[in-house]
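Engineer: Chain residues, written in single-letter form:
There are 2 protein chains.
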Amino acid sequence: MQKVQPKILPGFMELLPSDQILFNNMIDTIRSVYEKFGFLPLDTPVIEHSEVLLAKAGGETEKQIYRFNKGDNDLSLRFDLTVPLARYVAMHYNDLVFPFKRYQMSKVFRGERPQKGRYREFYQCDIDIIGNEVLPLVYDAEIPAIIYELFKQLNFGDFVIRINNRKILNGLFSYLNLDNLSADVMRIIDKIDKIGKDNVIEEFKDMNLNEEQINTIINFITINGNNDEIICSLKQNNIDNEVYLDGVNELETVIKYIRDFGLNESNFKIDLTIARGLDYYTGTVYETNLIKYPKLGSICSGGRYENLTGYYTDQKLPGIGISIGLTRLFSQLKEEKIIESTRNSLLDVLVIPFDDTYMDYTLKVANKLRDNSFKTDVYYGNKGMKQKMKYANRLGVPYVILIGTDEVEKNVVSLKNMITGEQEIVNIDNLLDVLNK
Amino acid sequence: MQKVQPKILPGFMELLPSDQILFNNMIDTIRSVYEKFGFLPLDTPVIEHSEVLLAKAGGETEKQIYRFNKGDNDLSLRFDLTVPLARYVAMHYNDLVFPFKRYQMSKVFRGERPQKGRYREFYQCDIDIIGNEVLPLVYDAEIPAIIYELFKQLNFGDFVIRINNRKILNGLFSYLNLDNLSADVMRIIDKIDKIGKDNVIEEFKDMNLNEEQINTIINFITINGNNDEIICSLKQNNIDNEVYLDGVNELETVIKYIRDFGLNESNFKIDLTIARGLDYYTGTVYETNLIKYPKLGSICSGGRYENLTGYYTDQKLPGIGISIGLTRLFSQLKEEKIIESTRNSLLDVLVIPFDDTYMDYTLKVANKLRDNSFKTDVYYGNKGMKQKMKYANRLGVPYVILIGTDEVEKNVVSLKNMITGEQEIVNIDNLLDVLNK
Numbered sequence: 060m061q062k063v064q065p066k067i068l069p070g071f072m073e074l075l076p077s078d079q080i081l082f083n084n085m086i087d088t089i090r091s092v093y094e095k096f097g098f099l100p101l102d103t104p105v106i107e108h109s110e111v112l113l114a115k116a117g118g119e120t121e122k123q124i125y126r127f128n129k130g131d132n133d134l135s136l137r138f139d140l141t142v143p144l145a146r147y148v149a150m151h152y153n154d155l156v157f158p159f160k161r162y163q164m165s166k167v168f169r170g171e172r173p174q175k176g177r178y179r180e181f182y183q184c185d186i187d188i189i190g191n192e193v194l195p196l197v198y199d200a201e202i203p204a205i206i207y208e209l210f211k212q213l214n215f216g217d218f219v220i221r222i223n224n225r226k227i228l229n230g231l232f233s234y235l236n237l238d239n240l241s242a243d244v245m246r247i248i249d250k251i252d253k254i255g256k257d258n259v260i261e262e263f264k265d266m267n268l269n270e271e272q273i274n275t276i277i278n279f280i281t282i283n284g285n286n287d288e289i290i291c292s293l294k295q296n297n298i299d300n301e302v303y304l305d306g307v308n309e310l311e312t313v314i315k316y317i318r319d320f321g322l323n324e325s326n327f328k329i330d331l332t333i334a335r336g337l338d339y340y341t342g343t344v345y346e347t348n349l350i351k352y353p354k355l356g357s358i359c360s361g362g363r364y365e366n367l368t369g370y371y372t373d374q375k376l377p378g379i380g381i382s383i384g385l386t387r388l389f390s391q392l393k394e395e396k397i398i399e400s401t402r403n404s405l406l407d408v409l410v411i412p413f414d415d416t417y418m419d420y421t422l423k424v425a426n427k428l429r430d431n432s433f434k435t436d437v438y439y440g441n442k443g444m445k446q447k448m449k450y451a452n453r454l455g456v457p458y459v460i461l462i463g464t465d466e467v468e469k470n471v472v473s474l475k476n477m478i479t480g481e482q483e484i485v486n487i488d489n490l491l492d493v494l495n496k
Numbered sequence: 060m061q062k063v064q065p066k067i068l069p070g071f072m073e074l075l076p077s078d079q080i081l082f083n084n085m086i087d088t089i090r091s092v093y094e095k096f097g098f099l100p101l102d103t104p105v106i107e108h109s110e111v112l113l114a115k116a117g118g119e120t121e122k123q124i125y126r127f128n129k130g131d132n133d134l135s136l137r138f139d140l141t142v143p144l145a146r147y148v149a150m151h152y153n154d155l156v157f158p159f160k161r162y163q164m165s166k167v168f169r170g171e172r173p174q175k176g177r178y179r180e181f182y183q184c185d186i187d188i189i190g191n192e193v194l195p196l197v198y199d200a201e202i203p204a205i206i207y208e209l210f211k212q213l214n215f216g217d218f219v220i221r222i223n224n225r226k227i228l229n230g231l232f233s234y235l236n237l238d239n240l241s242a243d244v245m246r247i248i249d250k251i252d253k254i255g256k257d258n259v260i261e262e263f264k265d266m267n268l269n270e271e272q273i274n275t276i277i278n279f280i281t282i283n284g285n286n287d288e289i290i291c292s293l294k295q296n297n298i299d300n301e302v303y304l305d306g307v308n309e310l311e312t313v314i315k316y317i318r319d320f321g322l323n324e325s326n327f328k329i330d331l332t333i334a335r336g337l338d339y340y341t342g343t344v345y346e347t348n349l350i351k352y353p354k355l356g357s358i359c360s361g362g363r364y365e366n367l368t369g370y371y372t373d374q375k376l377p378g379i380g381i382s383i384g385l386t387r388l389f390s391q392l393k394e395e396k397i398i399e400s401t402r403n404s405l406l407d408v409l410v411i412p413f414d415d416t417y418m419d420y421t422l423k424v425a426n427k428l429r430d431n432s433f434k435t436d437v438y439y440g441n442k443g444m445k446q447k448m449k450y451a452n453r454l455g456v457p458y459v460i461l462i463g464t465d466e467v468e469k470n471v472v473s474l475k476n477m478i479t480g481e482q483e484i485v486n487i488d489n490l491l492d493v494l495n496k
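Protein chains in written order, with our numbering: chain Z, 60 to 496; chain C, 60 to 496.
Note that these hints are calculated values from the structure, not bench results. Hints should not be assumed to be uniformly reliable.
Any copy, or any two copies together, can satisfy a pair, since identical chains are not distinguished.
[To be verified] As a list, the in silico DSBU-like pairs of lysine-lysine whose alpha-carbon atoms are at most 35 angstroms apart:
1) 211 with 66
2) 115 with 175
3) 328 with 393
4) 129 with 62
5) 496 with 354
6) 250 with 328
7) 129 with 253
8) 445 with 496
9) 447 with 328
10) 256 with 315
11) 375 with 447
12) 434 with 449
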């Protein structure tokens, strides 16, 4: 028969079992943290009406969409989880309890030009909290508390959550009569870590900002010190603008609440350069970095927005949320050897009978283990013992149980610890006790 | 602003939180059973090369595919999890340990004409065991053991796993000189539960089968009795055909092994009418039914096939597997009220401060609960106590903790059991003990 070459598309991640186990561990950890903070699961369709999904999109995003017709329908694959959330909340407004806290961990699709570290199909792990008309400021501190718990549990090493408030920047620009240019200015500020202060100044000059404007911005974004010192500097700035002052007050309150949440002071830091490129953030914004691996960039970002559902309803639904691009993060963490796969299976125990004449005894042992939640498999193949042990080794099973005529007659098993190499005879009635130790 | 109507496509399932919780519980249960039997997780791309995904497809299947171009690529969305598995195993043959046991629980896509109970995007929960050249027969009994464990845990009521072996049917047809018509005959046999014996006979006559052929087939498929009696009848049939006898022997051995796995005798039954429409099953086949709800049809089906990867490689990789179409099953179970959603949240505890002046104390309590794995939320909204309790009731939270000036001063909380309505004062140091009871 003519064979088809088995291959997948570039920009799509598919893992071998050992890496898939590692990836799923991360997903499980993230889910458990999200659920511990009261978030509800959501699972929206992969395919939606293009008209609905692209209500807001335009420019680069629209070009990346996987969009096609099927019958009379103009369809698109979701490219993020925020637009489907907005559509969901607008659609089910009367059935939801607000504040509505939801998590979704699903694949999204963007037909980008494939390049290193970029994926066309990737997991986003999002949470959002949506208020009805209002959303108390303390949520702006709950989000860092969640990020803190996430990265403590994920255990990728030291991290810092960088925090800013868009009102401070917006107020500053208003004070400098740069309102109309604020989006452009913020985009440039956002690049300071990548291109450095001098290049930022050059770009400002290209935009025809005057020296006073540039100096004020640069002085502002280079304010430093600890969190309290930064807030103090922001207050003493004599920038007489209501939005600015409102932002400084919010930031001060959020920092106070973050401390009430019990975060270690070294794990969060005001960073006035964070603007987040997206247009819709209007208050507190976040980025998260691994201290030893700055080149990974922000591994968890988000912020507060004034209205989630403007394209679909008149209800005012302010929200706050964060997103982790898990597929890319996973590949970066692997590459930097921050995480490593260690197991080729999830098994606790592999049961190996010498041959299949005592299958009833073998299965009795396996049943007993499974009934007590041990992940158990039996090697049924008709191979020599060497082959069978090789199989156990390749899977990386912690315990092997060997069963031969002797074992069956004496109602025991030979239990081998594959890490220490120790082997002992264990009575079937004591097997669970021994394994539980 | 012009609003877009928020809506999803027909044939796509999207759940409210209470149902999503219920659905996820089912997914979690299925996953835990699959993992307990040693299956490894797999997560293939949603989008693949059409050439690869459609290597085998044709006819109805091909018409249902979501297929489109992006740039120069001819792409399709996966329509099942078996073809991607075949492609994966062929592609990673050298990196896998055989027998390779994998589970995948993912969405698949079929652009069918929408009708009641049919979905265009739906979850399949599949397991397959793939052998290298050979796959021992005991796996044919392990599969029913897994189905048994699944539906005991899922707790949808009494169920029966119906078992047959395609060799018995194939051998019978060969004996009757009906080899060339066997696929057609089996398709008709498969309908006997739906259309009845008389209509089956009519359809056979339409196919120009002679009376002896029809009588032999009908006598055969109406053999009944308990499992041992059926095997006895099959042996005494005097059908002198090697494939037939091989199938009967396999079935007898599989039934013996199933007993070794400890299955309750009432939960599995030989059913000679099961053929499974698909062409590629070659040995043991399964269907599973809820006894009280026959109209749901088979809720978990599968079987053994001779070669998984014939379209991609020359390696011979026999396998066995089952699939649960979870989206459809979920909607049927809901409709029949076999399952019902009971909770609007996953929370164990909701903490409600009277107002936000003791946020530090409130957050200290919430932190303590979360640090001890209680799913905890805090109601931060500035509403009256009636509103706050209404919120707790709508979420269906089992415990509410109330915090006011008194509680803060005395280092206690008021703990309310929302089911019994009882309320008690609990010292913060005893809170975990009280909740753990």
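Engineer: Hint by hint, note whether the structure agrees.
Structural biologist: Verification of the supplied hints:
| no. | hint | result |
| --- | --- | --- |
| 1 | 211 with 66 | neither (37 angstroms within a copy, 39 angstroms between copies) |
| 2 | 115 with 175 | both (28 angstroms within a copy, 33 angstroms between copies) |
| 3 | 328 with 393 | within (27 angstroms within a copy, 49 angstroms between copies) |
| 4 | 129 with 62 | both (29 angstroms within a copy, 25 angstroms between copies) |
| 5 | 496 with 354 | neither (43 angstroms within a copy, 48 angstroms between copies) |
| 6 | 250 with 328 | within (18 angstroms within a copy, 68 angstroms between copies) |
| 7 | 129 with 253 | between (43 angstroms within a copy, 32 angstroms between copies) |
| 8 | 445 with 496 | within (28 angstroms within a copy, 51 angstroms between copies) |
| 9 | 447 with 328 | between (54 angstroms within a copy, 33 angstroms between copies) |
| 10 | 256 with 315 | within (30 angstroms within a copy, 77 angstroms between copies) |
| 11 | 375 with 447 | between (64 angstroms within a copy, 21 angstroms between copies) |
| 12 | 434 with 449 | within (19 angstroms within a copy, 43 angstroms between copies) |
This entry does not satisfy hints 1 and 5, going by the numbered hints stated previously.
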